[in-house]
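So the protein lines, in turn, are chains B and H.
Number 99 in this note's numbering belongs to position 99 of the first sequence; there are no gaps in the numbering.
Number 65 in this note's numbering belongs to position 65 of the second sequence; there are no gaps in the numbering.
Warning: the hint list may mix true and false statements.
[To be verified] Result set (BS3-like, lysine-lysine): computed pairs, CA atoms no more than 30 Å apart in a straight line:
| hint | chain 1 | residue 1 | chain 2 | residue 2 |
| --- | --- | --- | --- | --- |
| 1 | B | 41 | H | 178 |
| 2 | B | 108 | H | 177 |
| 3 | B | 60 | H | 180 |
| 4 | H | 101 | H | 296 |
| 5 | H | 445 | H | 405 |
| 6 | B | 82 | H | 296 |
| 7 | H | 296 | B | 108 |
| 8 | B | 69 | H | 418 |
| 9 | H | 415 | B | 82 |
| 10 | B | 82 | H | 177 |
| 11 | H | 101 | B | 60 |
| 12 | B | 66 | H | 101 |
| 13 | H | 101 | B | 82 |
[Stated by the list, open to error] Label-pair ranges, simulated between beta-carbon atoms:
| hint | chain 1 | residue 1 | chain 2 | residue 2 | range |
| --- | --- | --- | --- | --- | --- |
| 14 | B | 72 | H | 100 | 56 to 62 Å |
| 15 | H | 145 | B | 82 | 33 to 39 Å |
| 16 | H | 366 | B | 30 | 34 to 40 Å |
| 17 | B | 35 | H | 452 | 41 to 47 Å |
Simulated from the structure, these hints should not be mistaken for lab results.
Note that beta-carbon positions come from the ideal geometry of N, C-alpha and C, so glycine has one too.
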Amino acid sequence: MKKTLILLVMALAALPFAADAKGFADYHTETLKLPCTTCHKTPDTMPTTETCTGCHPTDKLVESTKNVKPTNPHTSPHYGAKLDCVNCHVGHEPSENYCAQCHSFDFKVP
Amino acid sequence: MTSARMNRRAALGLAGGTALALASSGALARGVKAPQAWDRTVDVLVVGSGFAGLAAAIEARTEGADVLCIEKMSIVGGNSILSGGGLASPGNDLQVAAGIKDSPELLLADMLKSGGGLANVECAKVVAYGALDAYRWAKDFLGVKFDRLGYQGGHSVARSACYMNGNGANMVGPMAKKAKELGVALETRTRLVNLVTDEKGAVVGAELVKGYVFPKEDSGTRMFVRARKGVVVAGGGFSQNVKLRMLHDPRLGPQLESTNQPGATGDAMMAAQRIGAADVQMDWIQLGPWTSPDEKGFGVCPKFVESSVGYGLMVDPKTGKRFVNETGNRKVRSDAIIATGHPAVILVSEENAGHVPPSTIKAGMENGSIRRFANLDELAKFYGINAESLKASVTRWNEAVAAKKDPDFNAKIFKDTKENKGVFYACRLWPRVHYCMGGLAINPKAEVINTDLNVIPGLYAAGEVAGGVHGMVRLGTVSIADCVVFGRVAGRNAAQRKI
């Protein structure tokens, strides 16, 4: 299981993402073929940050994006690594770049 | 001119106030009545988790109250965590070390002068006389680290104790940590929808949404929280609410962005207004005159600008001429730039740019908002300014520098200002909506006043959500002092309230 998680993180970090991706959920269900229950424990349950970090541990995410220019998107002087995932990675809607509200960081958010 | 303008502003404020008073009078109030059963009961409910909210929560908890502090966004801190300044605190140890003489009386005088005579003197006194204690509280009780003494425009002396690296997170962090250690329940994604009042009009609780996902109005689930002793509203300003700010100042439409975090929409303030809270000075909305259209949000240009005024000059690119006192307060400068209808250009020679932090110039040149030019011809060409007009303006400014006297706009010229020549740095400036001086009417105990000019029992407000403390212009770093001082006042008074 641990090996699977690490491989998943590596795969996610390495894959190029198209700018017109429909949303993060589509990637999980259509490309990775994961069931809905991976994020939604029951049909009525909204995922929480803990749902995401269960498969994508924060420290490994921060490490995997340490070379992104101009700065690491997963940690910042304002919020450390504590910002909720859905501020950028919105499940069933196009992703957002939360930092772009104040900074000219041209992150390509998957 | 100033007098006529002030009269017009006062008239607008009065008219606005009258209209709002009618809308929120008793018969039309949309207060929510208490539910059959509360989902939860606490002593004090704090709305908002910036400096004011966290200060209120910690103080109420220290006074023995059971405290719930809610935040509608997914992370605590509001605009406070993004702020890049410090705490104005006369008599602080950094001043003592630098041999600077200061006093609460001098801070008060600076506040009232800058406020144009519109500040609520009794509330301004609370901030001026409470600022040093707030600094000591932050430093000694919370463990906040301050690393530098800063000067801010409009102050008589350098008195701003800057939190480490000028990063608001270095103050919010210790505050959130202390709150949790003390046992404050700090809950994010929890939004205030309505205040609950009893038959006498006292605030007895609130209707909240748990699991809120900003900005989706229909997200989350409703719940009712009883607040035995009081509710402290500390939800910040409304700089990000275009409709609301245009209501009070029609110039502030969508063509002007804001420096604020996205949640600064005034929700909590409007909830209080719905139960009859009065508001004051809603049309005094401060623009930051130092932001650039070539970068987003607050950016790095403000640091460049505030280190260049009094050394370099600012011109209207259409005429090549100076048009305002570059060292004037934020309102004077913003109004002048907006009146031209297009971005201004500020320029300073490399020699005179020694006061700008090197990291600021580096960052600005990387993001393209700050430019370096070998000479004035290059600069003029890049920004589309008539070269001869620009050179004439620089020559005239250099004459003022030599004489240490600006005959055109009476701008401040520093002792170490030198002739501007050779290599220049420059950037374009277009103001952004930054701070709402207006807000809920409060008294020196942070109690909210209603439109009958009586105290609303159980309702307190602190920080940017409150109005009257600053008058027409807020001085830099006084807002953080205001948040901490009045946050603590609100928290203490709510916790001590006799029912």
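Structure-inconsistent hints, enumerated in ascending order
Hints 1, 2, 4, 5, 8, 9, 11, 12, 13, 14, 15 and 17 are the ones this structure does not satisfy, whereas the remaining hints hold.
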